[in-house]
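Okay, here's what each chain looks like letter by letter:
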Amino acid sequence: MAEREMTTIDGNEACAHVAYRINEVCAIYPITPSSTMAELADQWASEERRNIWGNIPDVMEMQSEAGAAGAVHGALQSGALTTTFTASQGLMLMIPNMYKIAGELTPAVFHVAARALAAQGLSIFGDHQDVMAVRSTGFAMLASGSVQESHDMALIAQAASLRARVPFVHFFDGFRTSHEVGKLELLTDDDLRQMVPDELVLAHRGRALSPENPFIRGTAQNPDVYFQGREASNSFYAAVPSVVAAVMEEFAGLTGRRYRLFDYYGDPQAERVIVVMGSGAEVARETVEYLAGRGEAVGVLQVRLYRPFAAADFLAAMPASTRTLAILDRTKEPGAPGEPLYLDVISALAEAAAAGTLPTATMPRVFGGRYGLSSKDFTPAMVKGVLDEAKKEQPKNHFTVGIVDDVTHTSLDYDPQFRPANEGVVRAMFFGLGADGTVGANKNTIKIIGDDPEFYAQGYFVYDSKKSGSQTVSHLRFGREPIRSSYLIEKADFIACHQFNFVNTTDVLGRAAEGATFLLNAPYPADEVWDHLPRPMQQQIIEKKLPFYVIDAYAVAREAGMGTRTNTIMQTCFFAISGVMERDAAIDKIKKAIAKTYKLKGDEVIQKNFEAVDRTLANLHRVTVPGVASSDLELAPPVPAQAPDFVQRVTAMMMAGRGDDLPVSQVPVDGTYPSGTTKWEKRNISLFVPIWEPDICIQCGNCSFVCPHAVIRSKFYDQDRLADAPEGFRSAPIDARGFPDIRYTLQIYLEDCTGCGLCVEVCPAKSKEAAGVKAINMASKEPVLESERANVDFFETLPVNDRGRVDFSTVRGSQFLEPLFEFSGACAGCGETPYLKLLSQLFGDRLQIANATGCSSIYGGNLPTTPWTKNAEGRGPAWSNSLFEDNAEFGLGFRLAADKHEDLAQTLARQLADRIGPDLVDETLLAQQRTEVQIHLQHGRVAAMKERLAGIEGPEARQLESVVDHLIRRSIWIVGGDGWAYDIGSGGLDHVLSTGRNVNILVMDTEVYSNTGGQMSKSTPTAAIAKFAAAGKKVGKKDLALQAISYGNVYVARVAMGAIPQQTLLAFREAEAFPGPSLILAYSHCIAHGINMANGLNQQNLAVHSGHWPLLRFNPMVRESGENPFVLDSPRPRVSLKDYAYNELRYRMLSRTNPDAADALIAQAQEQVTRKYELYEEMAARMGG
Amino acid sequence: MADLSTTYLGLPLKHPVVASASPLTESVENVKRLEDGGAAAVVLASLFEEQLRHEQQAYDHLTTAGTESFAESLSYFPEVEDYHVGPDRYLELIRACRAATEIPVIASLNGVTDEGWTGYARQMQEAGASAIELNVFYIPAALDVSGREVEDRYVNVLNAVKSAVDIPVAIKLSPFFSAMGAMARRLADAGANGLVLFNRFYQPDFDLEKREVRPNLTLSTPVEIRLPLLWLAVLYGRLDGVSLAATRGVHGAEEVIKYVMAGADAVMTTSALLKNGPDLAGRMVAELEAWMDQRGYESIAQMKGSMSQLKVQDPSAFERANYIKVLESYRLDYPTVV
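Quick mapping for you: the protein sequence lines, in order, are chains A and B.
All residue numbers for the first sequence refer to numbering that gives the first Met the number 0, where the first residue is 0 and numbers rise by one.
All residue numbers for the second sequence refer to numbering that gives the first Met the number 0, where the first residue is 0 and numbers rise by one.
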């Protein structure tokens, strides 16, 4: 029998590692945090890895989790061992099939990285709300609490399911376990074979549908037998606990790791016992073992098999000495008498008490509560808080722990300073940027240390909410015993700060233990760095007696030819000074790891990393720490003093990383947050920003049009206003005849700039003296920061240009409109956000947006700060996100309500016409609202109507007041990405188009699931690779435009801002003006294309000119004038598809991994493109449509 | 029937027409077509060290950009196990071409670093290359680099590669040496097995609309044979044991004949093949043969160098006097109104 390997991987991989090998079919759909499992399965299949029966599982990506569940059901009914991986709303979409699969007694395991559900807000983080929502489906439920368990239980669940014929949900905590990197022992194929014997597989196949042995399953049943049928499976459920227990015993015999249905840890004579499942059990175990060792009569009962709930086994596992049980649920059921686990325990105890079978002398006191929702950290201090509460005569029932509930006072007080000693564990924290490779280096470090047979290692990574310039905090633990601390580090022995600017914004040393080592990457030498630190940091270094080391890692990286990649350098520093391993041995291991990690990236990359390692030690210096803090610098406040009250009280706390401290009273009750908060967060993430050259500029507006973060603004104004301008404020005469006194300014909001460079790329104006100088050029920010801050302040005082005086029909004109979408957290150079910004400029003050879940809902709506904002009159886009799958329907609902209320407002206005004033009512109801001037006038009429209504009594007047705003033409937009529009929301989108109602749909098409990390969608083009299409997509992308055109009454446009911006603008305006459904497909370059994002617009242009993305408009209104509604706006392809495609890694990758396949696929793609263009040409050539 | 065979870099060739490095010699299918079309040998498209280095860096950058930053998208591409950013694909091309064809396959290398030149040359030899052509593509744009330093660079590269491999090594030269003859001799002394005259340098154009430098390459024309013809004729017979190859402007048998008469052991063609397809080599050879038969030439060996400086009646025709004559003839061709 093969020897078992130790390895260091995360929970997702640990689970998938088993699931892949014991299944034949995987039907999948990406959803955080479970996507990795599906991705690995697909990757392994593409690498032709085999399962334990020697075949390669068929991994199929579906259009949604509902689709995945259907495919799973079908594959199971056809006898294949089938699995899926999901979480959260994905699991919700599987519920209907889960009832079927269970009702038909079908063995299968769904592996779930348990995650919160979208309620008052979406959360990608972990808790048990999703799995608790499926506890009634008839699936058995098995919980893992650690990385090793997610590996082991994946097998135990499958083995038990096949034996019991009951399907299982195997779950572990999203992120906390799914993304925790830990050391574990891998099960061999032989282990798997032993636990999943062939006869069980054959029995499963024997129950499959077959024309050779036909039967019918899935009948419609009448009142006579349905009920009995539902009861007929009882004996199977009754057997599950004993089956699982037997499988666990068998597993223990095989591996030495013994699990039970309920595992008890702590004092055998415990009086206070916590009941908990998932990773929280690990924390509780660590805590109670520590406390029991100090004489406290405490324990923890870890629930592994949650459904069927084996009451007898629970009671048997509970110490007879138990006096108080504290039941911890990681979920929330509003309105329930208690959370599910609590109710189950109560029921078990009550039934035992009634039957006289209680193991305890008396009925224990039971109290329950909630903890850890949405990956809220669950710490030993909280465990102790619960145990302390259990000492009280009347413990607080239905409590919460980990938050401060100052409204309904559910929360328990606890001493946050408590922590078990955990001797022998080294705890290290690393503050880095996503872009600097800190996390990657730390994952590498964990592997290096974990590979040492002497050590155990654990890593957990905290990311922030932005996709650009995001901060990461890595929490690493190393020790000689298995590590159960599934919570963030609270006192670190080593802290590294990989970005110097964090010292001014983040309390980097807040979690430093006394005597901890502090490593700082700073652009200053050891004898100068002290003077550049803020006072609080200096004080902490002195008070906590921190040995302090400094390195200029960027200088070392530059010298080693590594650009700005400092990861290897900082990793080397860690090994050099942390003392975790012997220095030379560690450096040798780093080099070996480098050679392994970068093997695919070539010798060049490896050598540079080696050089970086070698240069590091000579540049790492210990700082002599003075006796007193000398700095005048304080941590910068997160928001300026003029920010609104809510931003000061709530948003600023989240921004400062102190959102955990916000009490319930400060948090909105229904998920409603104020608009426009990104403006208060000056992120300053780019060292380089554009600088405007007024003398070269031709005032075309292109730079501002394409700026993804709305940091380039233009205004024209009377030159007299310049009298108050700060020195150096730039302006130029406006480039328009007949306005000699009007000046033009293009202002860069440089603190909000991400440095993407799209503006420079798109600028057409070049200096006549030096062709390399444009009207806008990137330059170092630091020298101009202060002066430009003053310029921005002054620019803000200039009036926003009157919408009635601006020519909406030109790119240049549109850029005088105020963007009401600004400074989002999207990637630098994002290809989507310029479209949304344009939307906000054109229609922002009457815009209502339904936003599908995805990138746009994240950069558009992820706390703490959000980019949709309002104008000086207080008007702006009203934005909401429902789900991923229902966005079109959600937006249609907006329209239905708006139409209904417009109709109501008209009726009521007519009824009250005499009292309001017949003229005003007539003018308002008959008003044209096509132009901005007309809409502006309508705003005035509605305001007048409101004024008059205020003086009118009676219910009709109040009714009309509540809906009168609907008399201003509302612009309803349904926006999302291709994952929504082409896949999961396709059915809804199609239906909404078919209704003929006046909604506008904007699909920002990146041709891949961007938000979840680059999985294939039906928009992914032929020959591109993506996750789930690692061997290149073999079928063409769906032509959504043609599908929509087929309705005949839908306005359809395909646009690409980087090719013909004027066409984009035209399409947006036509779509909005069209009185029925409109669909705009907008090419959006994306980081998932594998391009230098500064080239995004060039790629858009090539996409159009290669024929990959022909620009078109189909306007049914044109038909009325007898013309062809189909207009092809882009010329015949004049570059080959290859010349476009091979600039992008998504295409190029295949040409490197499998050149023959790449050649064949790109040829196929070229043919598709050519054929498609010919078809369009034919359509465009037809007259009259 | 004239004997068309020749020897280049010690490699016996059926005739002197060789397909030189171009996009046509990037795939085994095309190399096979060239062989079928009649080429006596092929020089594969160059392996550019700088490009490989750039691609490695770009791959590293593009696969890591945006990763490990946001919890939902910790990466954007599937993990692949066999992404080839190194010379593997090129080496595979050598192996495949050798296996698929009978003709000599000459690898072409454009290096940057010493390790690049020697390392890749060694790998090319291991992959089965019949010989290596060094494509020293170097524009001394720095104003403090002297002519001597430029010359040393060529010699150093040659020395390094010669010390790393046993197969024949040719070096493709720039025409821009102050003393082409002396330079050729230095290279011969350093062990060059062949000289290829001349490299067509990248000469950028300007896009006036965009006011950008446009890096494009135009195909050669027959008029371009003059410079290589001159130097082949001068060098022929003066460099012991060194093969001479002509490249540039070969569009038909006429240029082949001229180059052979000047002293070329092999005549390389690119633009004409790109323009007319791989069969052109065969047609050139047929025309060459017919021309030789018509005029009673027995062999290439007989014809080779017959118009070289050593063998013409008036050796000074290749020197300054000839230049004056050209100027005069120019006036004659295009009389101006006085």
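Careful: at least some of the hints might be erroneous.
[What the hints assert, rightly or not] Straight-line distance between alpha carbons at most 25 angstroms, and here's what the computed DSS-like set of lysine-lysine pairs gives: (1) K945(A) x K869(A); (2) K767(A) x K209(B); (3) K209(B) x K765(A); (4) K1137(A) x K1171(A); (5) K1137(A) x K31(B); (6) K1137(A) x K274(B); (7) K1137(A) x K310(B).
Calculated from the structure, these hints are not laboratory results.
Consistency of the hints with the structure:
1. Note on K945(A) and K869(A): the hinted pairing holds, with a Cα-Cα distance of about 21 angstroms set against a maximum of 25 angstroms.
2. For the hint linking K767(A) to K209(B), the alpha-carbon distance of about 12 angstroms falls within 25 angstroms, and the restraint holds.
3. Distance restraint check for K209(B) and K765(A): the Cα-Cα separation of roughly 9 angstroms lies within the 25 angstroms cut-off, and the hinted pair is therefore satisfied.
4. With a C-alpha separation of about 16 angstroms, the suggested pair K1137(A) and K1171(A) falls inside the 25 angstroms cut-off, and the hint holds.
5. Our distance criterion of 25 angstroms between C-alpha atoms is met by K1137(A) and K31(B), whose separation comes to about 24 angstroms.
6. In summary, the hint linking K1137(A) to K274(B) is supported, as the alpha carbons are separated by about 20 angstroms, within the 25 angstroms threshold.
7. Annotation: proposed proximity of K1137(A) to K310(B) is violated, straight-line Cα distance about 51 angstroms (limit 25 angstroms).
The structure fails hint 7 only (numbered hints given earlier).
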